[in-house]
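Colleague: Protein chains in written order, with our numbering: chain C, 118 to 231; chain E, 753 to 861.
Because the hints were derived from the structure by calculation, they are not lab data.
Quick caveat, the model's predicted, so the values are computed rather than measured.
Think of the CB as a built atom: it goes at the ideal place given N, C-alpha and C, for glycine as much as any other residue.
It is possible that part of the hints are untrue.
[Said to hold, decoys possible] Partial pick of chain E residues on the chain C-facing surface, computed with a CB cut under 8 Å:
no.	residue
1	A794
2	F812
3	Y822
4	V850
5	F851
6	G854
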Amino acid sequence: DTGVSQDPRHKITKRGQNVTFRCDPISEHNRLYWYRQTLGQGPEFLTYFQNEAQLEKSRLLSDRFSAERPKGSFSTLEIQRTEQGDSAMYLCASSHESPGQPQHFGDGTRLSIL
Amino acid sequence: GQNIDQPTEMTATEGAIVQINCTYQTSGFNGLFWYQQHAGEAPTFLSYNVLDGLEEKGRFSSFLSRSKGYSYLLLKELQMKDSASYLCALRAGNTPLVFGKGTRLSVIA
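Construct the entire structure; sequences and hints are all you get.
Modeller: Laid out in structure tokens, this is it:
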């Protein structure tokens with residue numbers, strides 16, 4: 118068990134470009150979550166999957182954001198036409214389905230929009 | 753909706769005890785989590801409370817009162833490495849966690 122891994126660790130891109138991030142969860146976890154975190158704030162929920170099904174998306178999630186988990190294992194988060202306000206740390210977490218099970222976080226992808 | 757409130761910053765002395773409070777409003781309460789997050793790193797799980805009372809885990813303890821919408825994290829025998837942000841997170845029903853803004857703890861010599 119190597120924990121949750123995210124790639125890349127850092128991404129710098131120009132405004133208007135598309136970016137894609139990858140998350141590999143802990144292998145036996147069937148739930149996978151994406152969060153966004155800015156300086157001085159707690160993680161903000163974006164979306165989550167149970168196996169390959171996307172069960173919930175935050176109302177705050179613009180239609181420029183899309184996430185997939187095609188085989189119920191790794192997930193990708195894509196941001197199209199990036200904007201300055203998209204600069205943040207994007208965190209992925211995974212857990213078992215049971216409510217009392219904690220979410221385990223990856224180290225995140227830090228996105229900087231020039 | 754859910755609302756979580758915790759102090760923004762706290763300072764404590766090495767070797768001392770510190771209590772970080774978290775108050776919340778929610779419907780369908782189904783658990784409260786505490787996470788530790790060092791600067792630039794991922795949050796790491798510390799504790800989980802779903803019933804009233806105290807859960808102890810080494811130097812860290814967490815308390816919950818559901819009727820008061822209140823929890824605290826207690827850190828004993830503070831060490832410099834405990835300097836971090838401490839995040840209170842709430843679950844309602846079987847939904848994803850909602851996090852507070854975090855309390856940044858500075859441990860000084």
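Colleague: Look at each hint and say if it fits the structure.
Modeller: Each hint, compared with the structure:
Because the closest C-beta pair between A794(E) and chain C is about 4 Å apart, less than 8 Å, the hint holds. For F812(E), the suggested interface contact is broken, since its CB lies about 14 Å from the closest CB of chain C, more than 8 Å. For the restraint placing Y822(E) at the interface with chain C, the shortest Cβ-Cβ distance is roughly 18 Å, beyond the 8 Å limit, so the hint is violated. A least Cβ separation of about 7 Å between V850(E) and chain C falls short of the 8 Å threshold, and the interface hint therefore holds.
At its closest, the beta carbon of F851(E) sits 3 Å from a beta carbon of chain C; the interface hint therefore holds under the 8 Å criterion. For the restraint placing G854(E) at the interface with chain C, the shortest Cβ-Cβ distance is roughly 5 Å, inside the 8 Å limit, so the hint holds.
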